[in-house]
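Peer 1: Sequence order for the protein chains is F and D.
Residues 1 to 377, numbered by the UniProt record's numbering, are exactly what the first sequence covers, in order.
Residues 1 to 331, numbered by the UniProt record's numbering, are exactly what the second sequence covers, in order.
Any given hint could be a false lead.
Computed far set for chain D versus chain F, every beta-carbon distance over 10 Å [stated by the list, open to error]:
#  : residue
1  : Gln39
2  : Arg42
3  : Leu65
4  : Ala85
5  : Lys101
6  : Glu104
7  : Ala118
8  : Phe145
9  : Thr189
10 : Trp190
11 : Pro194
12 : Phe244
13 : Tyr291
14 : Ala326
15 : Arg327
Straight-line distance between alpha carbons at most 27 Å, and here's what the computed DSS-like set of lysine-lysine pairs gives [claimed, not checked]:
#  : chain 1 : residue 1 : chain 2 : residue 2
16 : D       : Lys268    : F       : Lys235
17 : F       : Lys235    : D       : Lys73
18 : F       : Lys112    : F       : Lys136
The hints are simulated quantities; they were obtained by calculation from the structure and are not laboratory data.
Bear in mind that the values here come from a model prediction, so they are computed numbers and not experimental data.
Glycine residues also receive a C-beta, built at the ideal position from the N, C-alpha and C atoms.
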Amino acid sequence: MEGMAGRSARLTWAVNLAAALLVVLWVVPTLGLLVSSFRDRDQIAASGWWRAAFPATASSFVRAGTAADQVEMNGLWVIAGSVLAPGQGLQAWGTSARAPEAYAPGDVADLKAGAALTVAADGRYQLTSPTPFTEKRGLRIFVTTIAPPRATFENYARVIGAEGLGRAFLNTMTVTIPATVIPILIAAFAAYALAWMQFAGRALLLAAVVGLLVVPLQLALIPLLRLHNEIGLGKGYLGIWLAHTGFGLPLAIYLLRNYMAGLPKEIIESARVDGATEFQIFIRIILPLSFPALASFAIFQFLWVWNDLLVATVFLGNRPDQLVMTGVLRELLGSRGGDWEILAASAFISIAVPLLVFFALQKYLVRGLLAGSVKGG
Amino acid sequence: MEALILAGGTILAGVFACTAWFWGANLALDLICPARGPQAGRNILRANMVRPWLFIGPAVLFLGLYLVYPVLKSTLMSFQDASGARFVGLANYRWLAGDAKFREAILNNFLWLLVVPATATFIGLVAAQITDRIRWGKFAKSMIFMPMAISFVGAGVIWKFIYDFRAEGLAQIGLLNAFWVWLGHSPQTWLTLPFWNNFLLMAVLIWIQTGFAMVILSAALRGIPEETVEAAILDGANPWQLFFRIKVPQIWGTIAVVWTTITITVLKVFDIVFVMTNGEWGTQVLANMMYNWMFRGAPDYGRGSAIALVIMALVTPMMIWNIRAARRETG
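Next up, chain F with everything else stripped away, as it sits in the complex (with noise of 0.2 Å):
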């Protein structure tokens, strides 16, 4: 705690403020759409989410009867039925569009010739008359109606079966898993050479490795695409498992390595003298203490594959059924624009499991980061 002497309460206050105002500013967007992903079309369209917690209200009006529903009692003719939706509630009516609030419920509102209406809290009305009522058009009355806040996991549903959401979810897990494991295996041994062996051109090929991290994508797309259609790999997973591998390398053998390096000399040295051979020493010895940073490079890895969306536009096909999460979320945003149900429920079977991963493995994501940028300065 250090700095006590220059703080005052007001700074610690003015500190406090800021950080929540940053942490709102920073989950809003996101909290936004996962409200609205539980909320049905109509109450998306009918209100903001941020008032999703509160009751809604609504104006609409509802047609009473017509002469064919009435029925004769003591003398009376009358017309009931319900002016409500199951699981509203009624806040006013009224009986025309100029005061469709004139009314609360239990008033009784006088009609023309001695006919009259009343509309109780519940939502049965009843509308009475001397004489027969002759309307071949029933009566128009106008409630203000109030809605308890609800939530629905309907667009869940439909979004995995209906939108072939549960299939992408496969094909994202298809290509992820290889995607993620290979490329480890491969760099963890390279990181090694790189860091414990001795050999001419190490120190080219470890600046050549640090050049590559920066390479843009998109330059290799077109002629790796060429290549395997070459070869006759085609589009496939084969393909975008072994671009993902490429693509993922230079990071994973820099962190690695650096990583690696940073292990005590004495260890790796005594097992030498004991005679434990190079491949020994890697398995049993190097590979477990790198624990950390496999995982951080696991992570990484992880998130930019099931994130991705050019590579797997590029080396997968773009039929329905071969498409990622990334790729249905991209076609439903040209082709369902406007359709926020659909929109925010399959945005969030894709950020889910990154979440996930996320939350429950931060700790190694940040010592990644640090170990990938920090020593770099």
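Starting from the known structure of chain F, fit chain D onto it as the hints suggest.
Peer 2: Same frame as chain F, now just chain D:
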């Protein structure tokens, strides 16, 4: 489902193949050059020369085939015509120089370069400083860092919802328009607003990258030697001076790293523009323009490659800087 089984099989096959290669190759080397017998010394020397290449071979193969080869091939293709059938010299670059859309894209890219790294780094620095001072800092950090896990496409959906437009008189469901109407203005179709829509797209990337800047800068701030801070406090520095005069100058190196890392991300920005506006209404950027030339309508690989090379040229200074920094560190 069979794809998942295929994936599982591939992982097993991949793991098996890798292990078999490394184990087998090492064993073979030990058999060919045994560290025993009359020529033990020579054999050990030889084995030590070959073995590193057994370890590093697959990686070199992949890097060469999937990164180095494409760079060279793209360079070649940028001097060829649409299908790569014949050489056209500098025609593609000459076309670029005269193309209005390219000028728009490169100007936008520079605008992104000016705004995004600076803003994300600055907010990240402020966030790092204040979250280190509060009791719930860990939670605050994790919330600001969270967008990092969200895909650009997912972020595009999230932010498009914020910019959503409904005709005047209807309930505004987009946060920005709701706020705008609340201030007494009429709702806007934000993403089609020339020039300003660029900043709305940048907001998405800033939102994603700030957490990254914060995490790294926070670690750097914590690494500052206590003595300098204590000395400054004893000399009567106020909190502002402490931060900007004492702390920030000591972490310039890290700030530069964060800045360049975000700069590289910005140069390659694609998904956000692709899904939110597809480069229309004056928001084109290089990466999206390249995608359009390579994969939309009748592909023109020559022009697409030329644009990719421009991106590469812009990234190269960062690359050299990165290599030099890494070499300095390893000595």
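Peer 1: Now, for every hint given, state plainly whether the structure supports it.
Peer 2: Consistency of the hints with the structure:
1. Gln39: holds (18 Å)
2. Arg42: Answer for arginine 42 of chain D: holds, closest chain F Cβ roughly 17 Å.
3. Leu65: violated (7 Å)
4. Ala85: Non-interface label stands for alanine 85 of chain D: nearest chain F Cβ at 13 Å, farther than 10 Å.
5. Lys101: Correct as stated: the minimum Cβ-Cβ distance to chain F is 17 Å, above 10 Å.
6. Glu104: holds (18 Å)
7. Ala118: About 17 Å separates alanine 118 of chain D from the closest Cβ of chain F, which puts it past 10 Å; holds.
8. Phe145: violated (7 Å)
9. Thr189: holds (12 Å)
10. Trp190: holds (14 Å)
11. Pro194: holds (20 Å)
12. Phe244: With a cut-off of 10 Å, phenylalanine 244 of chain D remains clear of chain F, as the shortest Cβ separation is near 14 Å.
13. Tyr291: About 7 Å separates tyrosine 291 of chain D from the closest Cβ of chain F, which leaves it inside 10 Å; violated.
14. Ala326: violated (5 Å)
15. Arg327: violated (7 Å)
16. D/Lys268 to F/Lys235: holds (24 Å)
17. F/Lys235 to D/Lys73: holds (20 Å)
18. F/Lys112 to F/Lys136: holds (17 Å)
In this structure, the hints that do not hold are numbers 3, 8, 13, 14 and 15, in rising order.
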